[in-house]
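Based on these hints, arrange chain B on the given structure of chain A.
Residue numbers (our numbering), protein chains in the order written: chain A, 1 to 435; chain B, 1 to 460.
Mixed in with the good hints, there may be bad ones.
Which residues of chain A face chain B? A few of them, derived with a C-beta cut under 8 Å, are [what the hints assert, rightly or not]:
hint	residue
1	M35
2	G43
3	A237
4	Y241
5	N260
6	M331
7	A355
8	P388
9	I391
10	N421
Below, in silico cross-link-like pairs of lysine-lysine (DSS-like), each with a Cα-Cα straight-line distance of 25 Å or less [claimed, not checked]:
hint	chain 1	residue 1	chain 2	residue 2
11	A	K193	A	K99
12	A	K68	A	K160
13	B	K454	A	K250
14	A	K313	B	K454
Taking CB as the label site, the calculated pair distances span [unchecked claim]:
hint	chain 1	residue 1	chain 2	residue 2	range
15	B	K166	A	E432	28 to 34 Å
16	A	N249	B	S168	17 to 23 Å
17	B	L265	A	E432	22 to 28 Å
18	B	S81	A	F128	47 to 53 Å
19	B	G304	A	Q37	33 to 39 Å
20	B	S267	A	M5	52 to 58 Å
21	B	A197	A	N249	38 to 44 Å
22	A	E432	B	T71	50 to 56 Å
23	B	F57	A	N249	25 to 31 Å
24	A	N249	B	Q163	16 to 22 Å
25	A	I49	B	R122	57 to 63 Å
Keep in mind the hints are simulated off the structure, nothing from the lab.
Using N, Cα and C, we set each Cβ at its ideal position, and we do this for glycine too.
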Amino acid sequence: MNNTMAKHDQSRAVLARVQAGLAKRYAAERRFRRMGQGAIILGLSFLLILFASIIYKGYPGFQQTFIKLDVYFDPATTDPDGTGAPESLSKGNYSGLVKNTLRAMFPDVEKRRERRALTGIVSSGAAFQLRDMVLADPALVGSTREVWVPADDDVDVFVKAQVDRTVPEADRRIKDNQMRWLDQLAAQERLEKRFNTAFFTSGDSREPELAGIWGAAVGSFFTLIVTLALSFPIGVATAIYLEEYAPRNKWTDLIEVNINNLAAVPSIVFGLLGLAVFINFFGLPRSAPLVGGLVLTLMTLPTIIIASRAALKSVPPSIREAALGVGSSKMQMILHHVLPLGLPGMLTGTIIGMAQALGETAPLLMIGMVAFIVDIPGGPFDPSTVLPVQIFLWADSPERAFVEKTSAAIMVLLAFLIVMNSLAILLRRRFERRW
Amino acid sequence: MNFPTLVVALLVLSAAGYHLGVRRSLAVSRGNIRQLHSLPSYYGLYTAIWCALPALFLLGIWVFFQDSVVTQLVLAELPESLRNLPENRRNLIVNDIRNFVSGNIVSGEPDPAIRAAADHYRYLQFVAGAAIAVLSVGLAVGGLAVGWRSINPLLRARNRVEQIVKVSLIVCSTIAIFTTIGIVLSVLFESIRFFAAVPATEFLFGLDWSPQTAIRADQVGSSGAFGAVPLFAGTMLISLIAMLVAVPIGLMSAIYLAEYANRRLRSFAKPMLEILAGVPTVVYGFFAALVVAPFIRGIGESVGLNVASESALAAGLVMGIMIIPFVSSLSDDVINAVPQAMRDGAYAMGATRSETIRQVIIPAALPGIVGGILLAVSRAIGETMIVVMAAGLAANLTANPLQAVTTVTVQIVTLLTGDQEFDSPKTLAAFALGLVLFLVTLLLNVIALYVVRKYREQYE
Numbered sequence: 001m002n003n004t005m006a007k008h009d010q011s012r013a014v015l016a017r018v019q020a021g022l023a024k025r026y027a028a029e030r031r032f033r034r035m036g037q038g039a040i041i042l043g044l045s046f047l048l049i050l051f052a053s054i055i056y057k058g059y060p061g062f063q064q065t066f067i068k069l070d071v072y073f074d075p076a077t078t079d080p081d082g083t084g085a086p087e088s089l090s091k092g093n094y095s096g097l098v099k100n101t102l103r104a105m106f107p108d109v110e111k112r113r114e115r116r117a118l119t120g121i122v123s124s125g126a127a128f129q130l131r132d133m134v135l136a137d138p139a140l141v142g143s144t145r146e147v148w149v150p151a152d153d154d155v156d157v158f159v160k161a162q163v164d165r166t167v168p169e170a171d172r173r174i175k176d177n178q179m180r181w182l183d184q185l186a187a188q189e190r191l192e193k194r195f196n197t198a199f200f201t202s203g204d205s206r207e208p209e210l211a212g213i214w215g216a217a218v219g220s221f222f223t224l225i226v227t228l229a230l231s232f233p234i235g236v237a238t239a240i241y242l243e244e245y246a247p248r249n250k251w252t253d254l255i256e257v258n259i260n261n262l263a264a265v266p267s268i269v270f271g272l273l274g275l276a277v278f279i280n281f282f283g284l285p286r287s288a289p290l291v292g293g294l295v296l297t298l299m300t301l302p303t304i305i306i307a308s309r310a311a312l313k314s315v316p317p318s319i320r321e322a323a324l325g326v327g328s329s330k331m332q333m334i335l336h337h338v339l340p341l342g343l344p345g346m347l348t349g350t351i352i353g354m355a356q357a358l359g360e361t362a363p364l365l366m367i368g369m370v371a372f373i374v375d376i377p378g379g380p381f382d383p384s385t386v387l388p389v390q391i392f393l394w395a396d397s398p399e400r401a402f403v404e405k406t407s408a409a410i411m412v413l414l415a416f417l418i419v420m421n422s423l424a425i426l427l428r429r430r431f432e433r434r435w
Numbered sequence: 001m002n003f004p005t006l007v008v009a010l011l012v013l014s015a016a017g018y019h020l021g022v023r024r025s026l027a028v029s030r031g032n033i034r035q036l037h038s039l040p041s042y043y044g045l046y047t048a049i050w051c052a053l054p055a056l057f058l059l060g061i062w063v064f065f066q067d068s069v070v071t072q073l074v075l076a077e078l079p080e081s082l083r084n085l086p087e088n089r090r091n092l093i094v095n096d097i098r099n100f101v102s103g104n105i106v107s108g109e110p111d112p113a114i115r116a117a118a119d120h121y122r123y124l125q126f127v128a129g130a131a132i133a134v135l136s137v138g139l140a141v142g143g144l145a146v147g148w149r150s151i152n153p154l155l156r157a158r159n160r161v162e163q164i165v166k167v168s169l170i171v172c173s174t175i176a177i178f179t180t181i182g183i184v185l186s187v188l189f190e191s192i193r194f195f196a197a198v199p200a201t202e203f204l205f206g207l208d209w210s211p212q213t214a215i216r217a218d219q220v221g222s223s224g225a226f227g228a229v230p231l232f233a234g235t236m237l238i239s240l241i242a243m244l245v246a247v248p249i250g251l252m253s254a255i256y257l258a259e260y261a262n263r264r265l266r267s268f269a270k271p272m273l274e275i276l277a278g279v280p281t282v283v284y285g286f287f288a289a290l291v292v293a294p295f296i297r298g299i300g301e302s303v304g305l306n307v308a309s310e311s312a313l314a315a316g317l318v319m320g321i322m323i324i325p326f327v328s329s330l331s332d333d334v335i336n337a338v339p340q341a342m343r344d345g346a347y348a349m350g351a352t353r354s355e356t357i358r359q360v361i362i363p364a365a366l367p368g369i370v371g372g373i374l375l376a377v378s379r380a381i382g383e384t385m386i387v388v389m390a391a392g393l394a395a396n397l398t399a400n401p402l403q404a405v406t407t408v409t410v411q412i413v414t415l416l417t418g419d420q421e422f423d424s425p426k427t428l429a430a431f432a433l434g435l436v437l438f439l440v441t442l443l444l445n446v447i448a449l450y451v452v453r454k455y456r457e458q459y460e
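In isolation and in its complexed conformation, chain A is listed as follows (with noise of 0.2 Å):
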């Protein structure tokens, strides 16, 4: 009797004790709980604030502000020989055209300073664009047309952002009497914001109004199209002899350690590679995309080797039974039957390498593709940089206006690494099969 009461006592204090702490443990739950939400928020949070940042800044880089001249094509000034023939047309002085063309819409300017400072407010690019508007059609000197030529990037950067016109003079790089003209324009309705084709269109350039990334974009092309070629049939390849042929020794041991070490070194060890062997040991040529193909080809080979690995590993053995059960020999059974079947899980994998090499400029600063090229390439052994190395080169530049060409480049890289990987997703959700 005695003994039993000790023991419910004994147990009442237990369970008190218990209670006691278990608001305790309760309270620390929640916190746990919160940390991990907490967690997750952020990380999200940072992947809005970098998108909404790059979306907020690089937006206004696919408009770019216009001004309407009205062009007198003097044939004084872009006919110098009179006589009419593309020779003389392209001696003219079309930078004194666009000139004159401002004083005239502007006379009330005098002021040697103040005429510099009004040209300063059209693009340099205006002239060539005079130049090859009256290459393309001589009959237009002796005219006079409405022309929308690019503003300068100061003045783009002026009208798009709306600069707070109470910051002294000095600090601003749109000055009073620019300004004042801009207002006039304005007024005449002779300023636009017009989609900016040239940024899809032209290569680099010094002056960000002109500057494009088609240049890059086709470099990109290049380097991927010398990626692809490589990296997947000798991934597909290893993978291969690898998963179906390579019998368990030291050998292979050291070829698997291999690649999965290669996947986590640092990219620009690739780049000192390709630097020290493709360039200074083979005497390949220097910012081509040849060598940066090869580089990204190293570079991919471990992702497109572990994907296909992967892909045929969830062949089931039923099928290879079944094909060496009527007599196929064990190429044929890969070939014809494994292969096959796999190769939706080998593609999925080699785009999401594709799309890493899209994006990846570390190795190539190193083998020289950062070079300031202006003309488009035209093959893989021309030298040329890429989208991801455009990006860096604009990022360094000083102009306020390549920031928002910058973004912008980001937009369309981002862009094309969102298709290629929902188009791996897409590539697995209609090909995946369970066995």
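Frame of chain A; chain B shown alone:
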């Protein structure tokens, strides 16, 4: 004939070889296809391989050596006075000749000797091109004939073809080994040359880094000090900041997603976090330099701190954001690999979820998590673009995250971009830094992979 057309010609020839082989096999079987050892297409492939493989092999070797052989021949023909110049002057002349050949602008007045040499070069190039065209096409035709003649019903064409395919598979799989060897050799050779000029102890333990070496002997202010300790310290500082951001956030979000979250949240949040891993690093660099660094600077100034515009904090923070998905997906894998029985056991003892996680799951998954973190550290150390764009160039030896520091990767990039002489210690230093980088990341990877593998075996 140039190289690409030659390759196309060989491929066309071997396609013809395939066709001829198939026809021949049908002919020798005298209409009874069952007499053949292999299917007709294998005889075709056999002929095609005979046709293309030796010729392509020769072509590859030829293209590889043509340039240097032609250069040697041209050099041998040069007048005595030019031939006996020192090495670097002679290289300049070779450059001039090559430029002349490709019709580029040549530096200075074209020497008649160089002009003659260029003509000779052009002639040799033409001869070499013609020779390889004749040789490789001849070899292809010869191979085709050999293959074609050897076709008879008893020829084990399938086995031969499969053997060749298998050998090529093996060759492909050794590329990984050759890549590693290539990396090691390329950084090692240049590093050895570097250490011949700068003692290894000075490099590893010196506290002063200013790689500007004098180009002329009388130049001032370019001492060329190669003490890499400030770089190592800067790298570690930025990596530490990155890990302080990435490990708590990555680990906690992995735990939450694995243990608490419902399916819907999991299927949304996991791919979203993984997007962070897919964003190119140059984008992070831009983000760090233009958004995060000014933001930190602004905050610092508002509380009266002096923050460098290229602070280590900004670069580290953004690098941490980049690494979150690595930590979280690797931890997610290992947490999911902990057997359910261990959780059930803990719940049965009355433990709450967080107690189970902290006292059962984390200890059980710890080796895997540590492995994942080591991989993340190696990624942080090797990360280049973020630090190139957001960290400084000046080698400060400081532990203050608000100051600018520089890293190993930043220095590699700055030393190797732009025009430089390739044999100055300045450029070679980049390879020594690359060697250190490669060795450190290799060590971390090997340890991490070992730990992870060991851990996996425990529960399988």
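Hint check:
Annotation: interface hint on M35 of chain A holds; nearest CB of chain B at approximately 5 Å, less than 8 Å. Below 8 Å, beta-carbon pairs count as interface contacts, and G43 of chain A has one with chain B at about 5 Å; its hint therefore holds. For A237 of chain A, the suggested interface contact is upheld, since its CB lies about 4 Å from the closest CB of chain B, less than 8 Å. Here the hint on Y241 of chain A is kept, as its CB sits about 4 Å from the closest CB of chain B, short of 8 Å.
Given hint, N260 of chain A at the interface with chain B, holds; its Cβ is 6 Å from that chain's nearest Cβ, closer than 8 Å. Among the interface hints, the one on M331 of chain A holds; its C-beta lies about 4 Å from the nearest C-beta in chain B, closer than the 8 Å criterion. Annotation: A355 of chain A was flagged as interfacial toward chain B, and the flag holds, the nearest CB pair being 7 Å apart, inside 8 Å. The interface hint given for P388 of chain A holds, since its Cβ lies 4 Å from the closest Cβ of chain B, which is under the 8 Å cut-off.
Because the smallest distance between the Cβ of I391 of chain A and any Cβ of chain B comes to about 5 Å, under 8 Å, the interface hint for this residue holds. Checking N421 of chain A against chain B: minimum C-beta separation of about 6 Å stays under 8 Å; hint holds. For the proposed pair K193 of chain A and K99 of chain A, the alpha carbon gap of about 22 Å is at most 25 Å, so the pair holds. Note on K68 of chain A and K160 of chain A: the hinted pairing holds, with a Cα-Cα distance of about 17 Å set against a maximum of 25 Å.
Pair hint K454 of chain B plus K250 of chain A holds up; C-alpha atoms about 19 Å apart against a cutoff of 25 Å. At roughly 22 Å between alpha-carbon atoms, K313 of chain A and K454 of chain B fall within 25 Å of each other, so this suggested pair holds. For the pair K166 of chain B and E432 of chain A, the supplied restraint of 28 to 34 Å holds, since their beta-carbon distance comes to about 29 Å. For the hinted restraint 17 to 23 Å between N249 of chain A and S168 of chain B, the CB-CB distance of approximately 20 Å keeps it satisfied.
Between L265 of chain B and E432 of chain A the beta carbons are some 23 Å apart, a value that agrees with the proposed interval 22 to 28 Å. About 48 Å separates the C-beta atoms of S81 of chain B and F128 of chain A, a value consistent with the hinted range of 47 to 53 Å. A beta carbon spacing of about 34 Å between G304 of chain B and Q37 of chain A agrees with the range 33 to 39 Å that was offered as a hint. As the Cβ distance of S267 of chain B to M5 of chain A is approximately 56 Å, the hint placing it in 52 to 58 Å holds.
Checked against the hint of 38 to 44 Å, the C-beta distance between A197 of chain B and N249 of chain A comes to roughly 43 Å, which is consistent with it. Between E432 of chain A and T71 of chain B the beta carbon distance is about 55 Å. The supplied range of 50 to 56 Å therefore holds. Separation of F57 of chain B from N249 of chain A is about 28 Å and conforms to the stated range, judged on CB atoms against 25 to 31 Å. Separation of N249 of chain A from Q163 of chain B is about 20 Å and conforms to the stated range, judged on CB atoms against 16 to 22 Å.
At about 60 Å, the beta-carbon gap between I49 of chain A and R122 of chain B stays in the expected band of 57 to 63 Å.
The structure is consistent with each of the numbered hints, conforming to all of them.
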